[in-house]
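In the order they appear, the protein sequences are chains R and G.
Those letters in the first sequence? Residues 1 to 220, by the numbering used here.
Those letters in the second sequence? Residues 1 to 260, by the numbering used here.
Think of the hints as simulated: they come from the structure by calculation, not from any bench.
Here the structure is a predicted model, which is why all the values come from computation and not from measurement.
For every residue, glycine included, the Cβ atom is placed at its ideal position computed from N, Cα and C.
Be a bit skeptical, because a hint or two may be false.
Simulated pairs of lysine to aspartate or glutamate, EDC-like, Cα-Cα distance not exceeding 16 Å [stated by the list, open to error]:
1) G:LYS237 - R:ASP53
2) R:LYS86 - G:ASP131
3) R:LYS86 - R:GLU157
4) G:LYS237 - G:ASP247
5) R:LYS72 - R:GLU111
6) G:LYS156 - G:GLU121
Which residues of chain R face chain G? A few of them, derived with a C-beta cut under 10 Å, are [as the list claims (entries may be wrong)]:
7) PHE55
8) GLU84
9) GLN125
10) ALA150
11) PRO151
12) ILE159
The following label-pair restraints were derived from C-beta to C-beta distances [said to hold, decoys possible]:
13) R:SER87 - G:GLU209: 24 to 30 Å
14) G:ASP207 - R:ARG108: 23 to 29 Å
15) R:VAL104 - G:PRO250: 46 to 52 Å
16) G:THR161 - R:ILE159: 16 to 22 Å
17) G:ASN134 - R:SER186: 42 to 48 Å
18) R:GLY185 - G:ARG136: 43 to 49 Å
19) R:ARG83 - G:ARG136: 18 to 24 Å
20) R:ALA166 - G:TYR153: 46 to 52 Å
21) R:GLY168 - G:ASP131: 18 to 24 Å
22) R:GLU111 - G:ASP151: 53 to 59 Å
23) R:GLU128 - G:SER204: 33 to 39 Å
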Amino acid sequence: MRADGRRILVGALLVGLSGLASLTACQSEPSQDGVANTDRFLSQINVGEFDYDPFSSPDEMAKAATLIVRGKVLDLVAGRAFREPKSELADITTGVFQIEVTEVLGGRLAEGSDGMVYIEEFGVQEPEQVAANMPKGADVLLYLVPAPDAPPIPGAEIIDDGAGVAPGQHLYQQVNPQGFYMDIGSDVAQVVGGEVYKDSSLSQFEPGNDSFPGTPVRTE
Amino acid sequence: MPAAHSSEICLSLTSCRCVGVYGISVGVFWVAAPRAVAQRVDYSKVWLTPTPARAMINTHALGRELSDMNTGHRRLKRLAAAAAGGLLLLAFLPSTASGDFWFQPPCQLSLSTPCTADNAEHTYCWAGNFDSTNFRDAAKYAMENLDAQTDFYDNKMANCTANTDIVWTEFTVSGVRGRYECEALSGWNCGQARIYINRAEINSSSDPELNRKKTSCHEVGHSGGVSHAETGDDCMKSGEVTLGHKDYNPHHIGHLNDNL
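For reference, chain G alone in the conformation it holds in the complex (with noise of 0.2 Å):
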């Protein structure tokens, strides 16, 4: 399972780890660049020889790009000065208010949570506790719903494996209705994440079915990469509801659209 951290694209500044990156970075650059030219002229132009005609055009545009040599090795040497100096001037920035500065995502979550799923199909399942009828049926209309209001679509697996989307889940932390959390991050999607639901908690409130339908598709909201939202009827709402809050409003549909 990757690390949360490792979902954190590094652009700082003034970071250790990311002044080495960049630095080593460039003496590779450096040295390999003009090498990688020379084998490009070197083996493409034999490749491209099949026919005697062919072969003397290739030959002429060879002997010209040969002779040319010197003059690219050159301009990449400038481009590869070019480019290392605008990366030290960068290493060696004084730091930004907050320290280090961490690229922001594209979409609402806070740094460390994924911006949204790995592609269009939100593949679910049901883990092993998640037996209640009543829950099923709340997370099978959440996940229709969100195929239904926006362009992801939704597929049932029969089992639980490391590519299914959503793992569907009860859990029994205090004071918490859902929980949604990534466990698979790459970049900033995620490959596997957990909905935890808490019956107990749900099943307290004035009108169980709608909250049951409510905190699923506020958290298949989150696995699509959408936030909060305190107003509006959406139920990106946090805590119980007493009406509507069942699914996303025009703002959160293009949210999740934009996401994927």
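If we strip away everything but chain R, and leave its shape as in the complex, we get (with noise of 0.2 Å):
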């Protein structure tokens, strides 16, 4: 029994002592603009794969894009979902990125626009655990075009539809996988593909620079 009693303290002194530590671990993790959450909310971001056609430079971005913006994300909510008619599948879920405008490069805001973009993202389950891992007040850069109203999937009935968007504001889509990029300290990050350019400037994906990083060339 004494042998027991001292088994069951010095487990309780451990969970106890544990406890304590992720109290510490907790306050000192970075809560927004760590490099770790970043590295976090790309990753989760990209619960996706692609097939695409690169763009070879920013030019070429400018001429599919309708809307050309430098901004700051502010947040990331859930959007409007699909749901297939007899189907027993779960429905497809969206998430919309909430981004204050701070430069119209090219193209112009609609009528009446609150001086943010909605741009509508595909696999995004969880918005809010996402969102707690995207570094607020990041600087992004754009190139956009309006999300169509009919349903990106075809025949599909659309759920919450205007979730994640201000009255009477309208959704965009990038052009493609590379037109979203994010400053994260030193580097850009393509933020859907994932892609980091290292030592990299936002100004480098803008139209008429001729240092565009590119795609990187994978091989495996």
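Please assemble the complex out of the two chains, which come individually in their own frames, going by the hints.
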């Protein structure tokens, strides 16, 4: 019994110490702007893989886009979802990036714009958890086209139409996965696709810039 | 539907969640391990006494083991102490350069995407909107090609259910020919994925039939755990093609089989 008691005491002490350590570690873990969170954010937002025609220059992207803006990413929230008729499969969900526009580089904001752009992303399953790791306030560069009013899943029913978008505002999509760049310190991340361009700046991805880092060539 | 992050295997050395998990595990192990041994000795020896002869042997063995209980407990305690010390040391090691350290999966995809399918059988179905004969033919080609080139085997399902591995679906997202997305992660494997195909984008190619096959093969390759390759004659190349690129090269066949 005495041995059992000692064992339980030591066990309780270990659990208590680990709780204390957890609290300490939690307090020291970066909450918003840390590199670790940005890595996690990029990992969480990229749950899919794409086949697309990569643009080889910002000017090519600019030709395909109807709106090019610089801004600050404020939040990522749940967007509309799509439900297929007569299907027992789960709804197809989206997230909406809410971006405060700081500069319009091409095209023009829609009349009555609230100074924000709202970008629809497929495959965002738990936006609040992804947003928790997102470096809120980070500078972004966007090449956008309007999201079609029709559901991007033909024949599907739209659930929560307008979710994530302020009333009267429009929903956009990036021109392709290359159309959404984020400043992450000394590097730039292509948010959709997850590519990170080391020692780069957003200005290198702007129209007219001839030092575009391009798409990395993967050989595996 | 499980969240994407549920596939992440926590080996973080500094994250608060992991320190807590490690510490509590050690505490529980410390208390429970010696009790588990005692139970093993007590019950297994009683269970193993069906005949008088064996009972004598087992009684002898039981007595010997009971007499060694203190030694056994000391050994287990030392083991538990070593495990506790090791884990707590790990928990307090300095952070890695990128902060949290996540387990690198033994496959090519990014950390958040699954390595491969959950088994060699690749079942598939058409979503309600995947009704184009040309695109169904291309999808069927891609599934049969996977079957022919690798250790996977395909199986067409009449209806899409939660157990179907791949749900072929049409979508119209800007600038994207095809997309693979896992919707039911389990560890590093995917229980169910969608393959989205953008009909208009692919049909605008100079050779639509070739590109239907190429993009279908490309997305099926992702479902088997391979990533992009911009070199060589292989369907994992990104974007429009004008010749070839409608199956896997030996390098990717090797990866697809390894990922099973």
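Violated hints, by number in ascending order, as checked against the structure: Result: hints 5, 12, 14, 21 break, sorted rising.
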